[in-house]
Amino acid sequence: MFQKILIANRGEIALRIIRACRELGIRTVAIYSQADAEALHAQLADEAICIGPSAAAESYLDMERILSACIAAKADAIHPGFGFLSENSKFADMCRKCGITFIGPSAEVIERMGNKSEARNTMIKAGIPVVPGTERPLTDAGKAKEAADQIGYPVMIKAALGGGGKGMRLSQTAEDFLENFKVAQLEAIRGFGDDSMYIEKYIEEPKHIEFQILADKFGNVIQLGERDCSIQRNHQKVIEESPSSVLDETLRKEMGAVAVRAAKAAAYENAGTIEFLLDKQKRYYFMEMNTRIQVEHPVTEMVSGVDLIKEQIYIAAGLPLDLTQEEITLRGHALECRINAEDPKKNFMPCPGKLGQIHLPGGFGVRVDTAIYGGCEISPYYDSMAAKVIVHDRTRQGAIQKMRSALGELVLEGITTNLDFQFQILDDEDFINGNFDTSFIEKKFQMEKE
Amino acid sequence: MAIFKSMFKKTGYIKIGSQPEEKGPSVPDGMWLKCSKCKKMVYREDVKEKFYTCPKCGDYFRIKAKTRLRLLLDKGSFQEWGTDIEEKNPIDFPEYEEKLSDTRRKTGLKEAVTIGKGSICGWETVIGVCDARFLMSSMGYVVGERITQAFEQATEEKLPVILFCCSGGARMQEGIISLMQMAKTAAAIRRHSDAGLLYIPVLTDPTTGGVTASFAMLGDVILAEPGALIGFAGPRVIRQTTGEKLPDGFQRAEFLLEKGMIDAIIERKSMREELGKLLRLHNQKAAETFASKASMFQTDPIEEKHSDKENKKEKSAWERVELSRSPARCTVGDYIDQIFEDFTELHGDRCFGDDGAVIGGIATLSGIPVTVIGQQKGKNTRENIRCNFGMASPEGYRKALRLMKQAEKFHRPIICFVDTPGAACGIGAEERGQGRAIAENLSEMSGLKVPVLSIVIGEGGSGGALALAVANEVWMMENATYSILSPEGFASILWKDGKRAKEAAGIMKITAKDLKELGVIEWIVPEVEPAQKKNLETITGNMKEHMLCFLEKQEEKSEDQLAIERYERFRRY
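Which chain is which? The protein sequence lines are A and B, in order.
For the first sequence, the UniProt record's numbering assigns the number 1 to the initial residue and increments by one for each residue that follows.
For the second sequence, the UniProt record's numbering assigns the number 1 to the initial residue and increments by one for each residue that follows.
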């Protein structure tokens, strides 16, 4: 087992990891930037090392400084948390070269799963359903049309080098394809200087369903059920829950088994997530694999009773999983609301600032993962997430009630948050009835934005 | 204030199943490098990926000869030469042998230069690379001998030579014998050059002393890596000798480019591709296909095919003067881009500077290597400041002449584009001999042994224009002008009234039509009006066809015949 772990992260996830280490009797080293000198993670860890200025590029993203800190502190492993360097294959490789265990999969797996087309091909080979689409990028409009006809409308036209919605167009029918293709291609040329395009089946009103995976060094892979993360705004998850109300037991088992197969196909090791899109006809398609712990991991922990961070550490230390698939039973229903320092009235603009009095909810089945305390500063340099409130109850209805009650207790003086926005979702009839997909927020709250 | 820090109970004392302390993590040797410029630690793999440059500040790292060859050559193509040359200690320098064997052991190199034959992008060449780790790559007997033998062998095998130079200069331990290497290598290069063969030195950091004063500066095309220190006397010596503070960037590659000493700065990542292109442009076989290629485009082009249809309104001379000066009119850069392929711009007069008013280089015209030279005007104020409104300085004319002589050596036809209000007028231009520079061009151009074509595309202002127009044929665009002086100047000299320029234009006979009648030009290039970007393709299409016909006609003529015809052409005026 590790003697000392360096946590290459900040905020609530750093705290979450430090807590797991404390329970395991492993000493911890926190790293912090100048802006985080008073951050809670730096205070709770056994040691804390300042690794640079506030800008993430010069601190939490500076691989050389983090490795130097690790070596100076004689830590034998690094937990990257999520974000920052957690899916950086180069960093994982550097750790290996320095004799430091990177708590996560190998550099090769990160690299393979991080490359969209390679991940897709790996899954196709393993017989995992993927969103139908062109295998190679196309530049010729005629050929693209042929491909689109074959895939079946509606289709999404995407720039190969695209991002941020640029060079992306939806084509509903064969009639509007060519026009949309040309517009998207023109945007791609202007934006990225490249005219190669992908055509992909457009999944209408899909659900975002992801499966939590644990895989050890000995080829044992288990899944801990799904999370429904369909409540998103601009691809940012807002509420997550487990289980999903749209999966029945048969489909859950089937998708879970496919997720395990996908992880095996990727030769995966450590904790990971297989993301699927689920369409109205309940057909599911592999979307991508996240090769790290995720923000919403607590909902899985609440229903499965498994401490995922501890499992990550065990696996990285070379221990076999001591859980079998049969031993995993999911109980009750868990919900997570992300509380962000942002203003929903100003298009969710981040609102960092100094907190005054705070009160955090508690009680049976209520968990708050946060690194804030009264009088602390929410820094403008990093993510605006202030807290995650997680509740667990026997039923979904009970969980929603508990969440409302818990959020009602939450007081964060001094900053603007999305708390009211969370209430609006929790009070929405469609949400309560489990009647929602990834377009939920866009559809429901478009009016108010205007 | 970290209020909780002292209150939290730490885990340090909790131990579960503790194990004996193992060897802690450590950074393996060489995983990180320190950039000597920005002083930051950088990951070796990143440095390698970026062709051995600093991923943080972009500075160039010095690289081993072996690495350099790997980056440049086609895989498996290298054959090393000159490994049997024995080391000497000509002046019995104490402990020199020990020093050499010690360096050999440390570097795994036999000497400071590695030389041999290989190919780049499929083009065979002799290539040599200096390695700074070997006694600062100083030039002693073995270095000089390897280079000399390589040039001799290249001359025999009719191969080009590329040398990656890097050196502290002559090797002190070999005394005067080291000095002699400068003359020896220079002489071998001369013979190689006389045989009509290409030599490209690439100057890398640092190239100084006796190497700069010999083989490094004797190339047909001299390239350098960004930021490389290049000079004869090193900066420290200059500072100590003169007591002067040296300006920023002094003796760096960029400084030399500005001072006209080198042709171009090439980034390491594109070096292989650029060298491959230069080798292709200078390949004998490519030149030999000249005739066959050109003949594909024979047939006499149709005169005035575009303008016939349009039934253009006759313009006054002054209207044409205004058109020829219009800032929206296409400039030489537009014509080069549209007509030629592979244009590789070469800079500098090798004496004083690089004149932005004259651009020149090597390109291909439907596959035929040609030298292209033109006077560049700007389209806005910033561009115009850089190219001095198309008014060339003596260094511009000297650059043009250098490129023409280079074309002659490699039997490339020369195509000139004339567009200038006149030669640069100023104190500096006079100090550096503007008159002499123009005169020399007139004289040297008359004797060139390759076909020369000049096209007046805008203003053909006086001697400044003529210095690029001693050609076998001179063409003019329909709305270009070519004159003894600007109409303003003409009016002011003859009538003491520059305002009567319009009137002057009318009687000076400066339009293409006038000059065709006077027999000063051979062909009027029809213009689809306006001669701006949107019509460029049509105009140049016609021009290109005529160029190919011109080249085909000249191909039948001997070198002497070309010079005689040029002599006769100007003899008749």
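Quick caveat, the hints were computed from the structure, so don't treat them as lab data.
Note that the Cβ used here is the ideal one computed from N, Cα and C, for glycine as well.
Fair warning: there could be bad hints in the mix.
[As the list claims (entries may be wrong)] Not the full set, but computed from the structure, chain B residues with beta-carbon under 7 Å of chain A:
id, residue
1, A2
2, K5
3, V27
4, M31
5, Q240
Evaluated hints:
1. A2: With a closest approach of 5 Å, the A2 of chain B hint holds.
2. K5: holds, 4 Å
3. V27: holds, 5 Å
4. M31: holds, 6 Å
5. Q240: violated, 38 Å
Checked against the numbered hints listed earlier, the structure breaks hint 5 alone; every other hint is satisfied.
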